[in-house]
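Chains as they are written, first to last, in the numbering used here: chain D, 532 to 820; chain W, 280 to 560; chain C, 15 to 283.
The set of hints was computed from the structure by calculation and includes no laboratory data.
One or more of the hints may lead you astray.
[Said to hold, decoys possible] Under the rule of at most 30 Å between Cα atoms (straight-line distance), these lysine-lysine pairs were calculated in the DSSO-like manner:
1) D:Lys609 / C:Lys208
2) C:Lys189 / D:Lys553
3) W:Lys533 / D:Lys724
[As the list claims (entries may be wrong)] If you want the footprint, here are the derived chain C segments under chain D, 3+ residues with CB under 8 Å:
4) 192-199
5) 217-229
Don't be surprised by glycine CBs; every beta carbon is placed ideally from N, CA and C.
Each chain, written out:
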Amino acid sequence: MNCVLELKNLGFVYGKGTPFEKRAVDNVSLTIKRGEFIGVIGHTGSGKSTLMQMLNGLMRPGEGQVLLDGRDIWEQPKKIREVRFKVGMVFQYPEYQLFEETVYRDIAFGAKNKGLEGDALDKAVRDAADFTGLKPALLDKSPFDLSGGEKRRAAIAGVIAMNPEVLVLDEPTAGLDPMGREVLLSQITRYHKECHNTVLLVSHSMEDIARVADRIIVMNKGKLAMFEPTKEVFRRGDELSRYGLKVPQITNIMQALRRRGFDVPEGVLTVDEAFDALLPLLQKEGKLW
Amino acid sequence: MSFISIQDVFFSYDEVEEGKPVRNAVDGVSLDIERGEFVAVIGHNGCGKSTLAKQLNAMLLPDSGKVIVDGDDTSVEEKTFDIREKVGLVLQNPDNQLVASIVEEDVAFGPENLGVAPDEIRRRVDEALKAVDMYEYRTHAPFKLSGGQKQRIAIAGILAIRPQCIVLDEPTAMLDPSGREEVISTLLRLNREQQMTVVLITHFMDEAVLADRVVVMDSGRIVTQGTPETVFSQVELLKRHRLDVPQSAELAYKLRGCGLKIDKIPLTQEDCVAMLEEAMR
Amino acid sequence: MRDVAFGQYFPGSSLVHRLDPRAKILMFIAYIVIIFCTFNYAALGITTAFTALFLILSGISPKFYFKSLKVIIFIVIFTSLLNLFYGSGAPIWQWWIFRITPNGIHRAVFVTVRIICLILASSCLTFTTSPTELTDAIERLMKPLKAVRFPVHEIAMMMSLALRFVPTLLEETDKIMQAQKARGADMESGNLFKRVKALIPILIPLFVSAFRRAYDVATAMECRCYRGGAGRTRMKQIHLAARDVIAFVTLALVIGGVIVCNSLMSGVL
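Isolated chain D (complex conformation):
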């Protein structure tokens, strides 16, 4: 079977029956194929965080089902913990979850809970540290002695070490500087390429999403507003702005040129793509020397 996650009419209401009742997720159905890199975007309060937390059973859907490898994750509520190892979840500012004496032990925490031990555990920890670019020398340090960026990576490694089939990352680059963002993003893409696992990346940075995602989930007011290939989503800039979202600057620039009658391709997502498209045009005009 090719699809790893299937959501069927998923819904969630906070504080049901109280005056504070709020519908966070409303009738969401979608399928995610194994090995896909999915971007998740939506305005704050659009329900994307709630949706993500239902994927690994941290929240139990009020309505509908989450199917993982074709089976409802709540089929046996007592075994919901197993699901957490299959759908790894990295929260926003995950460095707050570090607690062990050494970085090594902290990264091992999840994998150990999963039941790994001995060489398998050691390999899982070292591989995860490698994916996130943590040098082996750091593994024996206290996690509290690391720099901000290293803490972030150690926390992410702690989830990767569980070797989940699906890795969900909620704003992994929040608060990092440009270089830190860049490096972490490339580490995530490398992880995705080499492990062939499914990755869901929640981000407010359209530029980042545009660079890495195959398809994008757009959430708006609890509903699934779009679920399309990246180019297609960013082609519909007007619709996105209605959901309080933006299009990468470069996509907008190329779109504006297109509207003005220039023969540039649609759905340009990165500066490199734009450069490749503009270069021949400028050459033809004889503007380059």
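Place chains W and C on chain D using the hints.
Just chains W and C now, kept in the frame of chain D:
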């Protein structure tokens, strides 16, 4: 004389790592900030920009060199509170700056510390909350508000002290895009309409391009400074110091590298479109 | 954990909101004493009516009061059952070790009503008084202690900061718990020792973050020219007004009523 004058400041935290003192967090910085100016300070994490910010209101004092605020040396102890009254500092995490459980009571905290008369505090609080567009929320609990709203209340808390300059240390780092926009447009309004001096420390380049002057820091030193146009046209230099440029500037820079004649590196989408249109006509 | 109504403040401008917070605190202390000095139904009735009057005047929706009761419902049931079965005198009903006496019934009723009144009254106090007002009032009431070098201002400031950060830390605990659960932390099974051990991954990050916050808060306070209590003023001035005097008189009448009832009628406990 400039409103704030930083003169050859060195500073190092008293930490020792493996027997050696840690390098200077601020390593010989001289910088003047004029009244009414909007200055953005950019640099990667750990480049010393936050340490520099804390020098501006005497939260930290230089090991050597001087910081002069409106004629007063920050290292003169008696002047500490005068300086903090003139230069307000807003920090990164909005949650940790709000000290009271009700919005208006939090904004009142600063003037209360200064011993301002109750009626006058009321006036200042109302005015400050209106300036950041949070007046309707004055009786709310900050806990329930969004990040952008909390950060605007933190700004109001500083405004109520009636400073002449606001320094903000990565005020938008923990906010979502709409929160960032709220905070930045508030700052622009304060700067344009009330001639407030603003020093914005950030690593979002799209915020820095809005400033009158951009200062780039690395390893505790100033690498370059100037108008956003001059700074962001030095794409290579910025990248070398682990910084980013707006996509429009990067595209223009790459095209220029291939021989396209560009007078001014475009910083906004509109400028970039205009520039490319011009080039291709 | 997040929708606990107890201890919350609801801004408003009702009569109870506008009472001097010092008056409210003193009245609350007096109230605790009276509620435990009611020995017959007439006296209990008077204090209950007084409680109800304040709840109505507070202008806060009854649903919040109900919510605050929900938290302690088990304590109420437990203690009233305990009292019900441990009354003295001749039983009117008996089964196995359980025996109910008229005295037991009275005691159960009294303890239930007292606890409920107490919770409602304290909710009424916190619902209508902002934490700043509350700590401000405490600071002023304790002012005489300054003479013996008791750090009145510091303690009041710590209280108000603690109140401010309770919801923030609760939310944080929630977040950390979710994050550790996502790493497969097992908090629901195992023996007591295992469960206590399972708290470590939550407590350590919580402490680390609380310390970091404390440091941040201190910096932020200094940035806002905080330098201790000396020379501080307050935006919200508190002074006794006619309404406070009326409230005190009402309370005095209630106390008088309770004393009269207690001395004229025989106690039922």
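Hints violated by the structure (numbers, ascending):
No hint contradicted; all consistent.
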